[in-house]
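> For the protein sequence lines, the chains are H and W, in the order given.
For the first sequence, the numbering used here gives the first residue as 177, with consecutive numbering after it.
For the second sequence, the numbering used here gives the first residue as 21, with consecutive numbering after it.
In short, the hints are calculated from the structure, not lab data.
A portion of the hints provided could be inaccurate.
To be verified - Pairs of lysine to aspartate or glutamate, DMTMM-like flavour, derived with a Cα cap of 25 angstroms:
1. H:Lys189 <-> H:Asp261
2. W:Lys23 <-> H:Glu281
3. H:Lys191 <-> H:Glu281
4. W:Lys23 <-> H:Asp232
5. H:Lys233 <-> H:Asp206
6. H:Lys233 <-> W:Asp87
7. W:Lys23 <-> H:Asp218
8. W:Lys89 <-> H:Asp218
9. H:Lys198 <-> W:Glu65
10. H:Lys233 <-> H:Asp261
11. H:Lys198 <-> H:Glu258
12. H:Lys198 <-> H:Asp232
13. H:Lys191 <-> H:Asp247
14. H:Lys198 <-> H:Asp247
15. W:Lys89 <-> H:Glu281
16. H:Lys233 <-> H:Asp247
17. H:Lys198 <-> H:Glu227
18. W:Lys23 <-> W:Asp87
19. H:Lys233 <-> W:Asp51
20. H:Lys233 <-> H:Asp218
21. H:Lys189 <-> H:Glu258
As the list claims (entries may be wrong) - Part of the chain H face toward chain W, derived, beta carbon under 7 angstroms:
22. Gly216
23. Phe240
24. Thr279
25. Gly285
Claimed, not checked - A few chain W residues that don't get close to chain H, going by computed Cβ distances all over 12 angstroms:
26. Pro27
27. Glu34
28. Pro37
29. Ser45
30. His54
31. Ala85
32. Glu86
33. Arg88
34. Ile94
35. His96
36. Arg97
37. Asp102
38. Arg111
39. Gly113
40. Ser128
Where a beta carbon is used, it is the ideal one built from N, C-alpha and C, also for glycine.
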Amino acid sequence: AAGVIQSPRHLIKEKRETATLKCYPIPRHDTVYWYQQGPGQDPQFLISFYEKMQSDKGSIPDRFSAQQFSDYHSELNMSSLELGDSALYFCASTGPGLAGGPTGELFFGEGSRLTVL
Amino acid sequence: DAKTTQPNSMESNEEEPVHLPCNHSTISGTDYIHWYRQLPSQGPEYVIHGLTSNVNNRMASLAIAEDRKSSTLILHRATLRDAAVYYCILRAGFQKLVFGTGTRLLVSP
Chain H
177 AAGVIQSPRH
187 LIKEKRETAT
197 LKCYPIPRHD
207 TVYWYQQGPG
217 QDPQFLISFY
227 EKMQSDKGSI
237 PDRFSAQQFS
247 DYHSELNMSS
257 LELGDSALYF
267 CASTGPGLAG
277 GPTGELFFGE
287 GSRLTVL
Chain W
21 DAKTTQPNSM
31 ESNEEEPVHL
41 PCNHSTISGT
51 DYIHWYRQLP
61 SQGPEYVIHG
71 LTSNVNNRMA
81 SLAIAEDRKS
91 STLILHRATL
101 RDAAVYYCIL
111 RAGFQKLVFG
121 TGTRLLVSP
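Isolated chain H (complex conformation) (with noise of 0.2 angstroms):
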């Protein structure tokens, strides 16, 4: 079965650049959720999205802006990277309809890998 996919896996920066993450969902997902997660810490909610539109938004840095297009896919931009942005980002899906409902299971990808040096 197809799974979330997330583009690239590994991904090396230095300070003050800018990176990009991509993210893919489960065909007929339309809810997009980003998560960050820090070595050894639990994964933080950053942002999420429904039908094209930011549904939530949690910690997520001001050098952060996400969306999501009209194929359901979504994007992280990251601006002026600090180290501190070192970590794994997670997106995941679920879907159809907003959130897969009241019990709808996230299906996570196998995240993003950033390094800032």
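Given the coordinates of chain H, work out where chain W should sit on it, guided by the hints.
Frame of chain H; chain W shown alone:
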């Protein structure tokens, strides 16, 4: 977001049952109890969820206390592949998942 409390870590032997507890004394009537787990170097994966009644699926069982202030995830026969961090999460309606500090399960052969 309603809070959950889980032990930091638990140990088990392979092929033995494992009971992972979760306390959620401030749970509201509309909160579903979700369990996810995260294997090393992988994204979290769904395990099971419930509202009031006990639930079973191919991965695990979920036992929910009558007052819903606690629940227990039961792995009937632990395998080495079950070694992971297990997260107990309360989710109401269409809210995002909020991960707290889960339980790291160690499984010994």
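> Work down the list of hints and note, for each, if the structure agrees.
So, going through the hints one by one against the coordinates:
{"no.": "1", "hint": "H:Lys189 <-> H:Asp261", "verdict": "holds, 10 angstroms"}
{"no.": "2", "hint": "W:Lys23 <-> H:Glu281", "verdict": "holds, 20 angstroms"}
{"no.": "3", "hint": "H:Lys191 <-> H:Glu281", "verdict": "violated, 36 angstroms"}
{"no.": "4", "hint": "W:Lys23 <-> H:Asp232", "verdict": "holds, 19 angstroms"}
{"no.": "5", "hint": "H:Lys233 <-> H:Asp206", "verdict": "holds, 17 angstroms"}
{"no.": "6", "hint": "H:Lys233 <-> W:Asp87", "verdict": "violated, 32 angstroms"}
{"no.": "7", "hint": "W:Lys23 <-> H:Asp218", "verdict": "holds, 15 angstroms"}
{"no.": "8", "hint": "W:Lys89 <-> H:Asp218", "verdict": "holds, 23 angstroms"}
{"no.": "9", "hint": "H:Lys198 <-> W:Glu65", "verdict": "holds, 20 angstroms"}
{"no.": "10", "hint": "H:Lys233 <-> H:Asp261", "verdict": "holds, 18 angstroms"}
{"no.": "11", "hint": "H:Lys198 <-> H:Glu258", "verdict": "holds, 20 angstroms"}
{"no.": "12", "hint": "H:Lys198 <-> H:Asp232", "verdict": "holds, 19 angstroms"}
{"no.": "13", "hint": "H:Lys191 <-> H:Asp247", "verdict": "violated, 32 angstroms"}
{"no.": "14", "hint": "H:Lys198 <-> H:Asp247", "verdict": "holds, 13 angstroms"}
{"no.": "15", "hint": "W:Lys89 <-> H:Glu281", "verdict": "holds, 22 angstroms"}
{"no.": "16", "hint": "H:Lys233 <-> H:Asp247", "verdict": "holds, 21 angstroms"}
{"no.": "17", "hint": "H:Lys198 <-> H:Glu227", "verdict": "holds, 17 angstroms"}
{"no.": "18", "hint": "W:Lys23 <-> W:Asp87", "verdict": "holds, 16 angstroms"}
{"no.": "19", "hint": "H:Lys233 <-> W:Asp51", "verdict": "holds, 20 angstroms"}
{"no.": "20", "hint": "H:Lys233 <-> H:Asp218", "verdict": "holds, 17 angstroms"}
{"no.": "21", "hint": "H:Lys189 <-> H:Glu258", "verdict": "holds, 10 angstroms"}
{"no.": "22", "hint": "Gly216", "verdict": "violated, 11 angstroms"}
{"no.": "23", "hint": "Phe240", "verdict": "violated, 16 angstroms"}
{"no.": "24", "hint": "Thr279", "verdict": "holds, 6 angstroms"}
{"no.": "25", "hint": "Gly285", "verdict": "holds, 6 angstroms"}
{"no.": "26", "hint": "Pro27", "verdict": "holds, 15 angstroms"}
{"no.": "27", "hint": "Glu34", "verdict": "holds, 26 angstroms"}
{"no.": "28", "hint": "Pro37", "verdict": "holds, 24 angstroms"}
{"no.": "29", "hint": "Ser45", "verdict": "holds, 20 angstroms"}
{"no.": "30", "hint": "His54", "verdict": "violated, 8 angstroms"}
{"no.": "31", "hint": "Ala85", "verdict": "holds, 19 angstroms"}
{"no.": "32", "hint": "Glu86", "verdict": "holds, 21 angstroms"}
{"no.": "33", "hint": "Arg88", "verdict": "holds, 15 angstroms"}
{"no.": "34", "hint": "Ile94", "verdict": "holds, 19 angstroms"}
{"no.": "35", "hint": "His96", "verdict": "holds, 21 angstroms"}
{"no.": "36", "hint": "Arg97", "verdict": "holds, 23 angstroms"}
{"no.": "37", "hint": "Asp102", "verdict": "holds, 18 angstroms"}
{"no.": "38", "hint": "Arg111", "verdict": "violated, 8 angstroms"}
{"no.": "39", "hint": "Gly113", "verdict": "violated, 5 angstroms"}
{"no.": "40", "hint": "Ser128", "verdict": "holds, 22 angstroms"}
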